[in-house]
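Visitor: Chain by chain, the residues:
There are 2 protein chains.
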Amino acid sequence: MPQHVVIIGAVALGPKAAARFKRLEPDSRVTLVDRGAIISYGGCGIPFYVSGEVNDPTELQSTAFHMVRDAEFFRATKGVDVRTETEAVAIDRAAKTVTLRHLPTGREELLTYDKLVLATGSRPNKLPVPGADLPGVYAVDSMEAAKAIRAQVSGGGISRAVVVGAGFIGLEMAVALTDLWGIETTVVEFRDQILPGVSGGNLARMAQRRMEDKGVAFRLGEQVRAFEAGGSGRVARVVTQNAALEAELVIVAIGVSPNSELARAAGLSVSDRGGIRVDETMRTTDPDIFAGGDCVELRSQITGAPIYLPLGSLANRQGRIIGTNLAGGAAKFPGAVGTWCVQLFELAAAGTGLTLPAAQAAGLDALCVHVSQLDRAHFHPDKGLMSLELVVERGSGRVLGMQGLGVNGDALVGKVDVVAALLPAGTTAEKLAGLELAYSPPFSAALDILNVLGGVTENVLQGRLRGIAVDEFAALWAKREGGGRFFLDCRERSNAEEYMNKYPEYWHNIPQGQLKDRLAELPRDQGIVLVCNTGARAYESFITLAHAGFGDVVSVEGGMTAVLAAGEKI
Amino acid sequence: MPQHVVIIGAVALGPKAAARFKRLEPDSRVTLVDRGAIISYGGCGIPFYVSGEVNDPTELQSTAFHMVRDAEFFRATKGVDVRTETEAVAIDRAAKTVTLRHLPTGREELLTYDKLVLATGSRPNKLPVPGADLPGVYAVDSMEAAKAIRAQVSGGGISRAVVVGAGFIGLEMAVALTDLWGIETTVVEFRDQILPGVSGGNLARMAQRRMEDKGVAFRLGEQVRAFEAGGSGRVARVVTQNAALEAELVIVAIGVSPNSELARAAGLSVSDRGGIRVDETMRTTDPDIFAGGDCVELRSQITGAPIYLPLGSLANRQGRIIGTNLAGGAAKFPGAVGTWCVQLFELAAAGTGLTLPAAQAAGLDALCVHVSQLDRAHFHPDKGLMSLELVVERGSGRVLGMQGLGVNGDALVGKVDVVAALLPAGTTAEKLAGLELAYSPPFSAALDILNVLGGVTENVLQGRLRGIAVDEFAALWAKREGGGRFFLDCRERSNAEEYMNKYPEYWHNIPQGQLKDRLAELPRDQGIVLVCNTGARAYESFITLAHAGFGDVVSVEGGMTAVLAAGEKI
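Each protein sequence line maps, in turn, to chains F and B.
Counting from 1, one number per residue, gives the positions in the first sequence under the working numbering.
Counting from 1, one number per residue, gives the positions in the second sequence under the working numbering.
Keep in mind that the hints were calculated from the coordinates and are not lab data.
It is possible that part of the hints are untrue.
To be verified - Heads up, simulated DSS-like pairs for lysine-lysine below, C-alpha to C-alpha not over 27 Å straight-line: (1) F:K431 x F:K383; (2) F:K126 x F:K96; (3) B:K383 x B:K569; (4) F:K569 x F:K214; (5) F:K431 x B:K431; (6) F:K214 x F:K383; (7) F:K96 x F:K332; (8) B:K502 x B:K569; (9) F:K126 x F:K147; (10) B:K383 x B:K214; (11) B:K147 x F:K383; (12) F:K383 x B:K383; (13) B:K431 x B:K383; (14) F:K147 x B:K383; (15) B:K569 x B:K479; (16) F:K214 x B:K383; (17) B:K569 x B:K214; (18) F:K383 x B:K126; (19) B:K479 x B:K502; (20) F:K431 x B:K332; (21) B:K96 x F:K332; (22) B:K126 x B:K147; (23) B:K332 x B:K96; (24) F:K502 x F:K569.
What you are looking at is a predicted structure, and each value in this text was computed from that prediction instead of being measured.
One chain only, chain F, in its complex shape (with noise of 0.2 Å):
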């Protein structure tokens, strides 16, 4: 029997649902209502529309073939009704229906639903400090406010600008604004790392470096306390507890809140954190009332526990499991990993899962495993860097998440991509050590840095290896005049020299080649630490001193590659 679906909310998961419902039954009727003038647009293309690779904005708007969506394409190709600019204000869930204001008349209207489905989105979080309305001070949230942002910084009238939060949007921004148009930006951050929660910390340091290298400054640990305005009464100070930064512009991306008032309002269950709780049909606690997208809280597929993660990818595939299960069907959306990536300037950045600060705070007894390898062969000219973390947990050996960098950005998502899918069925180090990828020299190594990073992970997990990452190895080594450690460079000698010559009392080589026939050139009574490029040779000499009875050794992961690319100052 026909139904009436009322989908509220039509930016990515609505007009999706609403789509995916309209093929499986085509003579039901969808009303799709946005609160919006601007619907179906690309908001993760915001940051990219303002640094000007995207040139029209209706390009956010559009589909593929170049046709916009608004609500013209929807009834004529989709056979949706949208009502734009219009608010759903109550549901009554008995009646089963929605009233609904019309924003720029105040005309009200009741709305009779079959099936409801909320798809309300977030709202940037505010900072509760003076100043935070003032004008220049700006959220990335809408298409309004992306035209505002370009539309001064193409004006050229802002030579500095302060990007408050180091997450995915503030540092697209920060890229952005520093990028094409040459803004001198800062980035102030309260947590002491970039991508907090979702990256390890050393990989944040490696990140960071290189995004300072492009002329970006960042402020980590500061709070902002205030926004003051200047003689124009426009944005022209931010104030944090440590200093007072000049700046024509502010965009603030401190994360988002779901929009869940009207859920909550109509007594649908709501979690603390203010996610619409769902089941694993996306139904909330009233079964003919669906909500996906920001505006609910999600599953762990690793932990179990509720996570919130507003992101567009999970949007859309939600979109369709709510379209499928609107028209009958049985569709699942089992949880989610949390899988990202980010790119910052010729640098990406990507993880799925677990951070090892994430894992531990969930209670797991986990470990991380660094290792550092040119993403193509060695010997083909395109070759780059890329740097993986594994998160395991000891005993199990479970894979808890990855994180990475890498200049070929395409081929971190890759490798991210590929744990991605493995992680929701379960995947241990053993199982990446053994994975069948492509090879070709133009494209990966022989034995492909993930079946590196597994069996390295393998052997750490069985005591064949013990490694310290990048800030374990400059805490010893700023303790080196007392600390008892032997520093030892088992590269070539032409590598190692310029550290002898800088620290002669510190920095010890023996190439690794070397290392079995000098073993009485080293202390039995001192830890050893050693270091080579990228940490292959610090295992093959690892194994060597473990053999011969050297029981205190550490092999810094990811070498002085890592190191230096973290910016410890050696």
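Chain F is already provided as a structure; the job is to place chain B on it using the hints.
Guide: What follows is chain B alone, placed relative to chain F:
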């Protein structure tokens, strides 16, 4: 107890097994034996040395940190003894000895082993035709051959070349000769497509067109009958059943065969095709003798049948397994799915698992679904086309394989690797539709092409869409005069106009958005063939027609994009 392990063959698998074993059992002794003077080189890099992308041939023999992997390197850094220019001529399994012959001197020696590893590799197949041994006719099987070819092409005396065989190496060599050296190159292949066995026909045709655009000529379905010498005594002509092709250089790349004579003579089980039989631990029928790499037969993880996959990436992983098991471990190599990639000028081709013909030949009730889509967000300036074909089993929806083409090779390889990683445990179209992959506009689309491919395949499997491939469309179009088909372009008029003007009787146009209001214009007594740009609007149109009771409707998979890419003349 320390053992003596003898490994015969020192390219790829042999060195890997040796190094792994020595790390696990530093007290044991390893002797690595090879017929050649140059060991442990990256044979897959030879086409890139010939092309000039790799300039110094020793790079193919070096580690990532520029140490040449010669006998001294293995002795010093891995503790492995190496005998080069030494052939293993007989194995006495009862006495556990192997007879070695030093090739330069002819001196023989008996070596006792505790465990033996056969890593004897493969040799290139030769054409059984007159002139196969003429100077100027090369196989790509050794550094010596590579240097000879490079010397010839860089000498400038070559203006025309013929490559026999359109597999990976043949195509890579054709690219190498054409791209940098500007040599007029013709590829002769006796089967009717390039990449036979690993790629479907439609993708192969698309790739072939792109190579033809770059100047490579193809003669498919042609067999070489003879190589003829010129006045100098060097090769001058390649004679097929159809033509005599002038060429100063000939590359024969028609596959390889396992070197298993030694194993067979020792009474080990060897398949009819010549592959040494091994179990999951890589042991031969003698538990003290392991074998791996190009000399063994593997098991397909998809069909369970024996397969032969001479790939360097498999050899490396098998080497690690053998190294582990030599030291008493229980590592397993469960078989392979067959994953590959190759760069063809700016285009990449890649795949994993079975093609449709291979699946059908294995007795599986399979079908293939094609999707062409942009590989990034459609508004991102770096976007390029990616085409993927998913091979699935009807009924179960089990994925049997996937092949694809793309201009962003790393992105394509990433998608193939995801499916390759999922294939061994089995996956379905539905699972691909739900994969959680990394999304950001510079790297992918919000609904990833793998999600789309999975979704479209689900629709096909559930009867919601009937697609036809490019070659099927071409066959119908060829019969347009009496074939009783109505060809309907459901793009906007501006896209369709060119074809409507050219074929006013046969090419019809109703934009998808107008279709449900213009159904009366369609014939009820003819089959309808829907086409759009890549397939999305044809899918919407299919739904509309099916709902309106049109029974005989098909949609062209990949749309006009795929049709034109395959070089069909419309």
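Visitor: Each hint: holds or not?
Guide: So, going through the hints one by one against the coordinates:
In summary, the hint linking K431 (chain F) to K383 (chain F) is supported, as the alpha carbons are separated by about 26 Å, within the 27 Å threshold. For a cut-off of 27 Å, the pair hint linking K126 (chain F) to K96 (chain F) is broken: about 34 Å separates their Cα positions. Restraint check for K383 (chain B) and K569 (chain B): the C-alpha separation of about 26 Å stays at or below 27 Å, so the hint holds. Proximity of K569 (chain F) to K214 (chain F) is assessed by CA-CA distance (about 19 Å); at most 27 Å being required, the pair is judged to hold.
For the hint linking K431 (chain F) to K431 (chain B), the alpha-carbon distance of about 20 Å falls within 27 Å, and the restraint holds. Distance check on the hinted pair: K214 (chain F) and K383 (chain F) sit about 21 Å apart at the alpha-carbon level, within 27 Å; holds. At roughly 24 Å between alpha-carbon atoms, K96 (chain F) and K332 (chain F) fall within 27 Å of each other, so this suggested pair holds. Simply put, K502 (chain B) and K569 (chain B) have alpha-carbon atoms about 12 Å apart, close enough for the 27 Å limit, and the pair holds.
A hinted pair counts as satisfied when its Cα atoms are at most 27 Å apart, and K126 (chain F) with K147 (chain F) qualifies at roughly 20 Å. Note on K383 (chain B) and K214 (chain B): the hinted pairing holds, with a Cα-Cα distance of about 21 Å set against a maximum of 27 Å. Restraint check for K147 (chain B) and K383 (chain F): satisfied, since their Cα atoms lie roughly 23 Å apart, inside the 27 Å limit. As the CA atoms of K383 (chain F) and K383 (chain B) are separated by approximately 22 Å, the hinted pair is consistent with the 27 Å bound.
Distance hint between K431 (chain B) and K383 (chain B) is fulfilled; the C-alpha atoms sit about 26 Å from each other, no more than 27 Å. With a C-alpha separation of about 23 Å, the suggested pair K147 (chain F) and K383 (chain B) falls inside the 27 Å cut-off, and the hint holds. A distance of roughly 14 Å separates the Cα atoms of K569 (chain B) and K479 (chain B); the hinted pair therefore holds under the 27 Å criterion. Our distance criterion of 27 Å between C-alpha atoms is met by K214 (chain F) and K383 (chain B), whose separation comes to about 24 Å.
Distance check on the hinted pair: K569 (chain B) and K214 (chain B) sit about 19 Å apart at the alpha-carbon level, within 27 Å; holds. In summary, the hint linking K383 (chain F) to K126 (chain B) is not supported, as the alpha carbons are separated by about 34 Å, beyond the 27 Å threshold. Taking the CA atoms of K479 (chain B) and K502 (chain B), the gap is about 16 Å. The hint holds against a cut of 27 Å. Between K431 (chain F) and K332 (chain B), the direct Cα distance comes to roughly 10 Å. Compliance with the 27 Å bound is thereby established for this hinted pair.
Proposed proximity of K96 (chain B) and K332 (chain F) is contradicted: the alpha carbons are some 59 Å apart, above 27 Å. Proposed proximity of K126 (chain B) and K147 (chain B) is supported: the alpha carbons are some 20 Å apart, at most 27 Å. Between the alpha carbons of K332 (chain B) and K96 (chain B) the distance comes to roughly 25 Å, so the proposed pair stays at or under 27 Å and holds. Using a Cα cut-off of 27 Å, the hinted pair K502 (chain F) and K569 (chain F) holds, with the two alpha carbons roughly 12 Å apart.
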